[in-house]
Amino acid sequence: MNKEKVIELVKVNKWYGEFHVLKDIDLSVYQGEKIIVCGPSGSGKSTLIRCINRLEEHQDGVVKVRDITLDHHTQSIEKIRSEVGMVFQQFNLFPHLSILDNCTLAPSWVRKMPKKDAEELAMQYLTKVKIDDQASKFPGQLSGGQQQRAAIARALCMEPKIMLFDEPTSALDPEMIKEVLDVMTDLAKGGMTMIVVSHEMAFAKEVADRVIFMDEGSIVEEKPTAQFFSNPENERTKLFLSQIL
Amino acid sequence: MKIKNLINWSKQNLFSSVFNSLISLFCIYLIIISLPPFIDWAFLSATFEGKLKTDCKTSGACWVFVKVWFEKFMYGFYPVENIWRINLSFLILILSIAASFFVKDKFKIYILFFLIFIFPIIAFILIHGSFGMQIVESREWGGLALTFILAIFGIIFSFPLGVLLALGRRSELPVIKYFSICFIEFWRGIPLITVLFAAAVMFPLLLPADTYVDKTLRIAIGIAIFESAYIAEVVRGGLQSLSKGQYDAAKSLGMGYWKMNIFIILPQAIKTVIPGIANTFIALLKDTPLIVLVGMAEILGMINLAKANPYWLGMAVEGYVFAAAIFWVVSYFLSSYSQKLENKYSTEKK
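Protein chains in written order, with our numbering: chain A, -8 to 236; chain B, 5 to 354.
These are calculated hints, taken from the structure and not from any lab test.
Hints should not be assumed to be uniformly reliable.
What the hints assert, rightly or not - The following label-pair restraints were derived from C-beta to C-beta distances:
1) B:R174 to A:K229: 42 to 50 Å
2) B:L246 to A:K(-4): 35 to 43 Å
3) B:S100 to A:R102: 54 to 62 Å
4) B:A213 to A:R102: 26 to 34 Å
5) A:L230 to B:P279: 49 to 57 Å
6) B:F23 to A:E48: 55 to 63 Å
7) B:K108 to A:R102: 20 to 28 Å
8) A:R102 to B:P164: 48 to 56 Å
9) A:R102 to B:I113: 54 to 62 Å
All residues carry an ideal CB built from backbone N, CA and C; glycine is no exception.
Build out the structure end to end from the sequences listed, making use of the hints.
This is the structure we're talking about:
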């Protein structure tokens, strides 16, 4: 693969007090790659992707995003965050703002985009996730699936190069999971670099280039998608797959 | 039909159980023994006409007292020919608050800016005098006008300071965090009367001999700082009610500390604590009569002076009833205004 390396993690370690959450994590992600991270709960998946945009601080090792090394400088953190979009399990829309304002806030105040341009951009992405007709409503008036799609649009409005998804469908009712996954599949086909923490294995098979299996804070298995499902090597991976498929 | 409804209503609301019936009967008894005599005293046998105490010959209230002293109760010893300056300041205030109900959201921020930064200067120039207007020293200010001046000054300055202290107390920087904690706990730990005495009597002793800070200003600053500690704790309660997800989402969009707090965190936090903030402001308003103790005559102080006037002895009850009525009206206005705000901003609960 000759593509540009956009995320690089070298020997990343993190502790919560005594608890060792991330153990010597090495990971490289290339431009346009889609990576699925799975594993049992408490295995450090969410912590891993939250370290990429510094929502969690790692204590040891190197995190590099597009040539910016994460350190304590606020500027480097904010620069990385404006290039890396994130979608959360609990949507985390801003309940006091309309859907449109949720989407325009960051472009107009972080990117300093004129209000009119920001609104056009927001409507473009809201159309893409098929909720442009809900733009003037407040988050509380939308269904879970609509809220999550709005959250995706909000992240896209910053025009990020990389998107992180932290269990985007885990808080949704079953009939709403598909509408969110469809949006994510579209996004993947459009060439976005994506890291998705998810247990939606059908989705993984369809879009992922690589699948990473984590357990107890380390990457246990990392393989191209087809091999991961057809030929898992580690015992824990086999056990996990037998339970989930 | 109407009577039947009434009986039904009272069955449901007044006599639904033996215990409730007892309470209802007791309350009705209290109303019967207290209300008619009060109405008789305050209205039916009261005297409204006249100019002197001797005009009051009936057994009821002597409102002549309030009528004659009305101007002093409102404006203290402010020179009569300049009273329009106080009226104009309050008119500007009332008009700009009224305007905020009607203009678009976009302009509200300008009105807020005007109220916080420009209005205090205009009001000070008008009330204190300058630019060819006769100077009225603050010791001549008094009455209800002084109550309002102190309360409004307190509200305008304690609110932003309190918000900053609340943020400071949750800051990750130890210096700011512990400074905020010490500041809040110090001012919350001392009684207001101490603050007033310190500002009025002790503070000038600590200053170099040739510097002078106006006494009313010292008192006003003292009150504002004192109340800011309470506002800070109220706002902190609101900050704690927000989920971590809101911070995560704001940060993940690349917002820095101030943008995150101004656009995401504070609007939600303050909205949830509107009742607490209104509570603090009403308490502030009702605390202002304490300044009587440091020799300033706001409305209650003026009433105390008036009732001690040899020609008007024995008028205390009328004066205090009048003061109570005014405080009740103003506090009620503040509380219903806060309820309006609460309803207006309750978007997510729909």
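Which numbered conditions among the earlier hints are violated in the structure presented, ordered from lowest to highest?
3, 4, 8 and 9
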